[in-house]
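A.B. asks: First to last, the protein sequences are chains A and B.
To convert a position in the first sequence, counted from 1, into our numbering, add 2.
To convert a position in the second sequence, counted from 1, into our numbering, add 120.
Rather than coming from a laboratory, the hints here were simulated on the basis of the structure.
All the given hints hold, so there is nothing to weed out.
If you anchor each label on the Cβ, the simulated ranges turn out as follows:
1. Gln-486/B to Leu-130/A: 47 to 57 Å
2. His-132/A to Gln-486/B: 47 to 57 Å
3. Gly-119/A to Leu-557/B: 28 to 38 Å
4. Thr-180/B to Ser-7/A: 47 to 57 Å
Looking from chain B toward chain A, a few residues come up when the C-beta cut is under 7 Å (computed):
5. Ile-309
6. Ala-316
7. Asp-320
8. Gly-337
9. Asn-342
10. Ile-369
11. Ala-587
With a Cα cut of at most 16 Å, we get these calculated EDC-like pairs of lysine to aspartate or glutamate:
12. Lys-50/A to Glu-349/B
13. Lys-50/A to Asp-579/B
14. Lys-136/A to Glu-177/A
15. Lys-55/A to Glu-349/B
Virtual Cβ for every residue (Gly too), placed ideally from N, Cα, C.
Listed here are the chains, written in short residue letters.
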Amino acid sequence: MNGTSKIHGIMAEFTTPAGAMHAAEKVRDAGFRKWDVFTPFPVHGMDKAMGLKNSRVGWFSFIGGVTGYTTGMLMIWWMNAVDYTIVIGGKPMFSPFGAFPPSYELTILFSAFGAIGGMLFLNRLPRLHHPLLKNKRFALATHDRYFVVIETADPKYNEVETKKLLEAAGSKRIELVEE
Amino acid sequence: MSAPIPAGGLPVVPKELERIPLVNNNRTPGWISDRVAGICEGKTPAWWWAAFVPSIILATILLAMLVYQISTGVGVWGNHHPTMWAWDIINFVWWIGIGHAGTLISAILFLLRQRWRTGVNRAAEAMTIFAVMCAGIFPAIHVGRVWFDWFLFPIPTANSLWPQFKSPLMWDVFAVSTYFTVSLLFWYIGLVPDLAVMRDRAKTKIRQFLYGLFSLGWTGSNRHWSNYEKAYLILAGVSTPLVLSVHSIVSLDFAVSQVPGWHTTIFPPYFVAGAIFSGFGMVLTLLIPLRRWCHLEDVITMRHIDIMCKVTLATGSIVGYAYIMELFIAWYSGSPYERFAFLNRIKGPYAWGYWTMMGCNVILPQVFWFRKIRENLWIVFVCSILVNVGMWFERFVIIVISLHRDFLPSNWAYYLPSPVDIMTYLGTFGLFFTLFLLFMRFLPMIAISEVKGVTPFADPHTVEGGAKHEERIPDDEREVIA
Chain A
3 MNGTSKIHGI MAEFTTPAGA MHAAEKVRDA GFRKWDVFTP FPVHGMDKAM
53 GLKNSRVGWF SFIGGVTGYT TGMLMIWWMN AVDYTIVIGG KPMFSPFGAF
103 PPSYELTILF SAFGAIGGML FLNRLPRLHH PLLKNKRFAL ATHDRYFVVI
153 ETADPKYNEV ETKKLLEAAG SKRIELVEE
Chain B
121 MSAPIPAGGL PVVPKELERI PLVNNNRTPG WISDRVAGIC EGKTPAWWWA
171 AFVPSIILAT ILLAMLVYQI STGVGVWGNH HPTMWAWDII NFVWWIGIGH
221 AGTLISAILF LLRQRWRTGV NRAAEAMTIF AVMCAGIFPA IHVGRVWFDW
271 FLFPIPTANS LWPQFKSPLM WDVFAVSTYF TVSLLFWYIG LVPDLAVMRD
321 RAKTKIRQFL YGLFSLGWTG SNRHWSNYEK AYLILAGVST PLVLSVHSIV
371 SLDFAVSQVP GWHTTIFPPY FVAGAIFSGF GMVLTLLIPL RRWCHLEDVI
421 TMRHIDIMCK VTLATGSIVG YAYIMELFIA WYSGSPYERF AFLNRIKGPY
471 AWGYWTMMGC NVILPQVFWF RKIRENLWIV FVCSILVNVG MWFERFVIIV
521 ISLHRDFLPS NWAYYLPSPV DIMTYLGTFG LFFTLFLLFM RFLPMIAISE
571 VKGVTPFADP HTVEGGAKHE ERIPDDEREV IA
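Bound-form chain A, shown alone (with noise of 0.2 Å):
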C-alpha cells in the first residue's frame, strides 16, 4: 500500500448476475476494451453484453481431429503394409476398415487435446499470478459476487469518470486493484 504501486484497474462489484450485465453492456457501449466481467459461473447473455464474438476453441479441435485421423490411417498404413508385413488369415496388407476403430479413437484424442490446448491457449493459462487474485474482495468472485473491472491500460480509462460510470452501472462497491 505504498505510494509508489500500480493500479492494474477499476474493481466494481454487484450481487446479481443482472446487474453485472447491465454494467457491462454500459462498459462495451461506451467503447472500452480491456476491461472484463467476472462470475462464479458462465452467465447466459454475458458474451452479448460484453459484445464478444463467437469463441475460436472449435478451431484448435477441429485441427486436433483432422491430425488424429490422418495420423492414425498413416500409422497403420505404414506400419502393418510398408515398415512389416505380415499376413493375417488372407487378409489385405491395409484395409481402411481395420484401421478405422483405432483411427476414430486418435480422432476424438486428438480433438480433445485440440479443445483444452486451445481454450487454455486462447485464456492465457496456466498462469501463476493474477493482480485480480491478490485482492481479498475479489475472492468472492468465485462465491456469489459478480465483478465487472476496467483496467487502467485501457485507452479510455479515467480514474473519474470511468468510477462514475460504474456508480451509474448500480454498483455500491467500487474499488481500485493495485497491480
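With chain A's structure known, arrange chain B on it following the hints.
C.D. replies: Relative to the frame of chain A, chain B by itself:
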C-alpha cells in the same frame, strides 16, 4: 413475443406448469459453495474412516494378489482349457461398463440439455475414471508376462515389430486408453473453476497453494468462460461418440471371433445399453448413501433419483430385448451350434448364472415402473446393487458359458474360480472405494459452478437473478438493442 407479459411485470406461470426446481429450498449460490466445499473442509467424519479403512485393506489385498499372480503366473487363477478367459475378462468388461455412466451423464446429457445432470455429473465422472482404472488392471495382467505389455503400443523398438492392427484387441487398446485419457481431461477441465472456489476459501497455505496450482490461475473471467464453455461443449460432443464406441469395441473382442454365443451383430448396441444400465446402477449405489451422509439432499434431489431409476428401467429393458433377440436369432439361424450354445445357457450346468442374470437385469428393473418404489430409497439402493450383480453375471454368461463347452465334447469342463480370482476381484473394490473416498474428501464432489448456474439466481431474467419488473425486455427486442 413468446409469453404474454402483463404491463410492467414478469409473465405469471400457472401453478400446474411450474417445474420442479433442480435445487430444492431455493438455495443461493453462496449456500451451494459452502455446503459442497464444506465436505472437503473441517474434521473428517467418522463414517468416512469407517469406509476408508476396509477399502484400503482390500486395496492392499489386491496388491498382494497382483504380486503373487505376476511372480507365479496365470496358473494361480481358475482358468483352464477350454475356459481360457474367465474372471479376468469378466471383471474387465464389468468395470469398464460401470465406467460408462459417468461419460453418458457428463457428455450425452449435456448435449441433450438435461440440466439435472449438474447435480450428479462430477461424482459420476470420478466413478468413471476409477472404474476404468480397475478395469485396466485385468487385461494388463491377464497376458501373464506383464513386462511385455508395452508390445500393445506402437513404439519403435530394436525388434522392428509393429502391432497388428487388424485385431479387435488392438482396437480395444486404443479405445480404452483414449477413453481413460479423455474422461480424465473432461473431469479435470470441469474441476478447474471449482478448484478456484476451493483456492479462494482455503484457510491454510498448503491448501491454497495446491488448489491454486491445479486451478491454473482461474479467475472466473467472462472472456475465459466463453472459451471454456465452447471447449466443454466440444468435449461433450467428442465424448459422445467416444462413449458409444468404447463398449462397442469391447464387444467386438467377442463378436469378431467365431465362438457360438459371441459371433453376433447385436453385440455393440447391446453392450452399450448394458454398460449404461450398470453405470447408473453404480451411480445410485454411491449417491444414495452419500447424499444423506454429506447432507446434499437439496442438490441431489429425489427428482434426480427418480430420473436415474427411469434410465435404469429403460436401459434394463433394452438389455432384456437384446437377450430375447439373441435367443430368437439362435433358433431362427438354424445353426445347431448357436442353438446348442443358448440351450446350454438356459439349462446347462450354469443355468443358475443365466437365470440370475435374467432376474436381476430384466425382471428386477421393471419395479421402477412404480413411483412409490422409485421414492423408496431402500428399495432403490438394493435394486441398484442387484443391477450390478446381474451385469456381472451377464459377462459370466457370455464368457464362461460360451467357452466351457466348446466344439469338442471331450474338452468340456466345469469352470470354478480360484481363491486368487475372487480376492483379486474383491481387491478392485478396495481400490475403487479408496480412490472414491479420497476424491470426495479432497475435491468438490458436486460441480459447484454448474449447479449455481442452474439456479434461478444465475438467470439475469428472473427476480432472483436481479431482473427488475419494469426492466424486463422480451428476448426478441433484446436482439435489436444488441
